[in-house]
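For reference, the chains in residue letters:
Number of protein chains: 2
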Amino acid sequence: MGVIDRKSRLPLYYQLADIIREKIETGQWKEHTRLPPERELCQIYGVSRATVRQAMQDLELNGYIYREHGRGTFVKPSKIRQDLLGFYSFTEEMKRLGKTPSSRVVDFTVEECTEKVAGKMKMNAGERVYRFTRLRLADEEPMMLETTYIPFEKFPGITGDKLEQIPLYDVLANEHGVVLTMAEERFVPVLTRENEAELLEYLPHTPSMMIERLTYSGDLIVEYTRGIARGDRFEYRVVLE
Amino acid sequence: MGVIDRKSRLPLYYQLADIIREKIETGQWKEHTRLPPERELCQIYGVSRATVRQAMQDLELNGYIYREHGRGTFVKPSKIRQDLLGFYSFTEEMKRLGKTPSSRVVDFTVEECTEKVAGKMKMNAGERVYRFTRLRLADEEPMMLETTYIPFEKFPGITGDKLEQIPLYDVLANEHGVVLTMAEERFVPVLTRENEAELLEYLPHTPSMMIERLTYSGDLIVEYTRGIARGDRFEYRVVLE
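Residue numbers (my numbering), protein chains in the order written: chain A, 1 to 241; chain B, 1 to 241.
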């Protein structure tokens, strides 16, 4: 298809929007590609300038395109759809989507855990934990900011450098023989704080998803993570049968 | 622990908000407890009035505290934890939590469906659908606002009155023999719009969860719902094994 049908009862702008949406959804027009200028779309599809503008508005409102003043109209990256029923790994998830994952460790310490963290991790307050904050990127674009706590005595040898090279779950599996058996995640809509927004290259005070995760290996809590995911780049999905 | 760290790169207000959140989450400060007045918090934590105010604003926006004019600031009751791996029914869920569920139908029409809704429901644009908006309450407190579309020809006899008396899934099961076989839900953090906030008795432009749901009976899409859940009253949880 990809042609305007003048006998159809569907409005012309809607047909045009559909044709463009199809090009975007099937990947013929990739993210951040510039769309042809309005006059060119008029010629290609034999429609008026008003029809093209209405189609563009429809596509913009539905999150398929974005405009940059003076530069043109571009294909918007689609939101990353995160399936909630699979065991989550940022690294694996991004690879599956054909993106190159990377992590930047913005903070790394070993400290005595607070009562709050001890409570979450079923440890005693004062026991030592790693606390590190990682900015997770996909194709160099910041996507999530995660602060993770790991029991220090049980897993010696973790360093910030290592975490930038090797996925956390691989470090735990390969160096410590950890087999993850359960994960519990909590999702709460929040506003991005200023320091988070800066790292995420996102606007402060905009909707984001706070994700809290506890990962278990048998009875042992291996990991407690509190993350913020950009609300414009992620959506979460669950299918129940 | 419980102390502002002036050497930290974290902003003071953020540290203070974290300390108070910890007191709330660990139950040291119970729901509906009044917080110490601002000037007292300034003294205890050695921070300025502006810092205390910013921390309070952060806690309020994230649903940890509420203010009552002339009375002070109080700990908000904790959120309703919604498990994502069970088949969702607002009515059943609230009963399970010992709350009395009710629904107020704020809008009810039968209309030709738009292209967007037709696309979601795999119907033809122009086919008739019920469109109704329900405010869902628990113990008379507004919790969610849901707009639902149901194919009209397939399920005659649904009325607004009926929906205030009988849960939707009971109407579909009892009057139409519908057996639900699958549900697909999508979660996106959003800001509450003004008209939504008014009905939800919630602040506009605050974090909320947008939940989009498609419910199937075999191949038939029985229901398409787009709902807004108060971000201060719900959290969503998933456990993976």
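Just so you know, the hints here were simulated from the structure itself, not pulled from any lab data. Among the hints, erroneous ones may be present.
[What the hints assert, rightly or not] Pairwise CB distance ranges (calculated): (1) B:Asp-170 / A:Ser-78: 31 to 39 angstroms; (2) A:Glu-68 / B:Asp-170: 47 to 55 angstroms; (3) A:Val-3 / B:Thr-147: 29 to 37 angstroms; (4) B:Ile-44 / A:Gly-119: 47 to 55 angstroms; (5) B:Lys-95 / A:Glu-38: 51 to 59 angstroms; (6) B:Pro-36 / A:Leu-97: 21 to 29 angstroms; (7) B:Pro-167 / A:Leu-203: 20 to 28 angstroms; (8) B:Thr-147 / A:Leu-97: 40 to 48 angstroms; (9) A:His-32 / B:Lys-122: 26 to 34 angstroms; (10) B:Lys-95 / A:Gly-98: 42 to 50 angstroms; (11) B:Val-3 / A:Glu-175: 32 to 40 angstroms; (12) A:Gly-98 / B:Glu-68: 45 to 53 angstroms; (13) A:Glu-68 / B:Lys-30: 48 to 56 angstroms; (14) B:Arg-49 / A:Ile-166: 40 to 48 angstroms.
These numbers were taken from a predicted model, which means no experiment stands behind them. Glycine is no exception: its CB is placed at the ideal position from the N, C-alpha and C atoms.
Each hint, compared with the structure:
no., hint, verdict
1, B:Asp-170 / A:Ser-78: 31 to 39 angstroms, "holds (37 angstroms)"
2, A:Glu-68 / B:Asp-170: 47 to 55 angstroms, "holds (51 angstroms)"
3, A:Val-3 / B:Thr-147: 29 to 37 angstroms, "holds (35 angstroms)"
4, B:Ile-44 / A:Gly-119: 47 to 55 angstroms, "violated (22 angstroms)"
5, B:Lys-95 / A:Glu-38: 51 to 59 angstroms, "holds (55 angstroms)"
6, B:Pro-36 / A:Leu-97: 21 to 29 angstroms, "violated (48 angstroms)"
7, B:Pro-167 / A:Leu-203: 20 to 28 angstroms, "violated (39 angstroms)"
8, B:Thr-147 / A:Leu-97: 40 to 48 angstroms, "violated (31 angstroms)"
9, A:His-32 / B:Lys-122: 26 to 34 angstroms, "holds (31 angstroms)"
10, B:Lys-95 / A:Gly-98: 42 to 50 angstroms, "holds (45 angstroms)"
11, B:Val-3 / A:Glu-175: 32 to 40 angstroms, "holds (34 angstroms)"
12, A:Gly-98 / B:Glu-68: 45 to 53 angstroms, "holds (52 angstroms)"
13, A:Glu-68 / B:Lys-30: 48 to 56 angstroms, "holds (51 angstroms)"
14, B:Arg-49 / A:Ile-166: 40 to 48 angstroms, "holds (47 angstroms)"
Comparing the model with each earlier hint shows violations of hints 4, 6, 7, 8; every other hint is respected.
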